[in-house]
Amino acid sequence: MNFISTIQNVFRGRTLATIGMIWLCVILVAALAAPIFAPFDPLDIDPIGRLQEPSWAHFFGTDHFGRDTFSRSIYGARMTVVIGLGSVVFALIIGGLIGMLSAYFTRLGHVLMRIVDVLMAFPALLLALVLMTLLERSVTNTIIVIGIVYATTTARILFGMTLKLKGEVFVDAAKCSGAGHSSILFRHILPNLISPLLVQASFIFAFAQLQAAALDFLGLGLPPEIPSWGNMLSEERIYVTRAPWLLLFPGILIIISVFSINLVGDAMRDSIDPRFKDDIAGV
Amino acid sequence: MTQPAPLLQVNDLKTYFTIGTGGPFGSGKQTLKAVDGISFEIHAGEVLSLVGESGCGKTTVGRTLTQLEPATDGEAYFNGTEILSLPNSQFRPLRREIQMIFQDPFASLNPRLTIEQTLAEPLHIHKLAKNRKEARVLISETLQLVGLDPKVMDRYPHEFSGGQRQRIGIARVMILKPKLVIADEMVSALDVSIQAQVLNLIKDLQRDSGVSMLFISHDLGVVRHISDRVAVMYLGKIVEIGNRLEIFENPSHPYTKLLLSSIPRIKPGRTKVEDLGEPASATSPPTGCAFHPRCAIATEICRSAQPEMNELSETHVSACHNISQLLGGHA
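Chains R and V, in that order, are what the protein sequence lines are. According to this note's numbering, the first sequence is numbered sequentially starting from -19. According to this note's numbering, the second sequence is numbered sequentially starting from 4.
Hints were generated in silico from the structure; no laboratory data involved. Treat the hints with care, as some may be off.
To be verified - The calculated lysine-lysine pairs, modelled on BS3-like cross-linking and capped at a C-alpha distance of 27 angstroms, are:
{"#": "1", "chain 1": "V", "residue 1": "LYS206", "chain 2": "V", "residue 2": "LYS133"}
{"#": "2", "chain 1": "V", "residue 1": "LYS130", "chain 2": "V", "residue 2": "LYS154"}
{"#": "3", "chain 1": "V", "residue 1": "LYS180", "chain 2": "V", "residue 2": "LYS260"}
{"#": "4", "chain 1": "V", "residue 1": "LYS206", "chain 2": "V", "residue 2": "LYS180"}
{"#": "5", "chain 1": "V", "residue 1": "LYS154", "chain 2": "V", "residue 2": "LYS133"}
{"#": "6", "chain 1": "V", "residue 1": "LYS32", "chain 2": "R", "residue 2": "LYS146"}
{"#": "7", "chain 1": "V", "residue 1": "LYS260", "chain 2": "V", "residue 2": "LYS17"}
{"#": "8", "chain 1": "V", "residue 1": "LYS260", "chain 2": "R", "residue 2": "LYS146"}
{"#": "9", "chain 1": "V", "residue 1": "LYS180", "chain 2": "V", "residue 2": "LYS154"}
{"#": "10", "chain 1": "V", "residue 1": "LYS206", "chain 2": "R", "residue 2": "LYS146"}
{"#": "11", "chain 1": "R", "residue 1": "LYS144", "chain 2": "V", "residue 2": "LYS154"}
{"#": "12", "chain 1": "V", "residue 1": "LYS133", "chain 2": "V", "residue 2": "LYS180"}
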């Protein structure tokens, strides 16, 4: 059960997932070392050189302020990683706690899970929109809002799994040894939830990208001065006929990244849950 | 024969479960009387077996006594303390003295914890070891006691066979030096060849440590091997209780006779007792004596009145209306 062999198991024989993983690593490196890779400052405006076509100087062209789209895309990777990781951590901690505690303490569960049910009744984007209009546009608030949206599904999933684990004999055995509630929850139940949590994390990461891009596009996500792929789409959408590459590159980046995360998530789920094995050969 | 106060005295224990769902769309609530008024005692150093067919409530007795299920009614005195009504916080220190071995050795060990972590947990909870070093010493002693190499403590449960896992389960219990061990079908999930080994191990451990045991089983061959006394359960009630020889050589209750005659035998000898029916449902038990629909000697009174406990000797008690006829027939 060591880490490296687990990774090998996930990616062996799954070419597309491996390519996806490599792409994610590229994004991560770009995010970490954005100032090194970006040829220009993403905020440097150049009114004379606006709306340039892609060239050797500006790989992805320039936008309506003359900013280098390639540099902005690289800095946008930063936001991708920050928003993704932030929402995953938020959703897993909040949703995980709600799900586990609700399943373990039945009465508390009656209350908490009904609240979760109500939140889940809203379409994800609508819920995010409502919450975003209540808060001001900022990175933290975007993370919190997307986190809340996906905390509900996480709570649902963990509720069911904790309910099942709660009835396991080893939990009874721990009770007989005198273990208290926190020890049973965090020492006996939680470690058995790690694999589903990992899979859940990969899907939240993917959906958070789409959600964040959608919020940016609607002008409710990150503040406009922050270069993110969603903001770039939103700002340049009126130039779609004159400079379509301004929309093309961020759009392609979003699609490829979300697709990669999904491929990796699928591969993780397949290798963890033997029931799904060989369903999608080659993926 | 005067005996000192028993280690465990159970009086009229009842554990009921509510099954089904109420409300306008539910199938209606029913009460399942898993344990319906049983009384027994266990003395220090004694092994009492609880036998009966599946669904008779014997496992629930063990789970109620360890507070894994709440008791509906009744009392259980452990060393003079009533334990069924104790709140969780006050029962926790007593858990060290009342330990349980579970049936399924594959499910009773947390797959994510090493053997050391599993065995160290009770030590730390009950403050029997100050640090990891002390715990490791105790763990290796206990592992040797149950016939395992102390080196195994760094491994995970999936690396062990069923018999080895059950030894680990026994180690988890014995490491606390309990006064009462409740063994719930502890060998029935194992291969027959392994059963004997594990059974001999627990018998030796019991004899050496003088721990009392409530040995829950449906396997009379195993019970005969290990018990001092035997209690026979049918549909939530004890129908006969007595010393091992009294039960095996001189059974009085028709149900005990039925059970004994169903042990497979190679040599012909004992005549088979006729079984007239299926076990009744615990949600709607028959009136009168619960066993009467299956009983060959049932009379009118069996259908209407619940039988009393008849004392056959100081140690042997049987609940049957036709006890005199049975004894006459046996003599």
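Violating hint indices (sorted, rising) | 1, 3, 8, 10, 11
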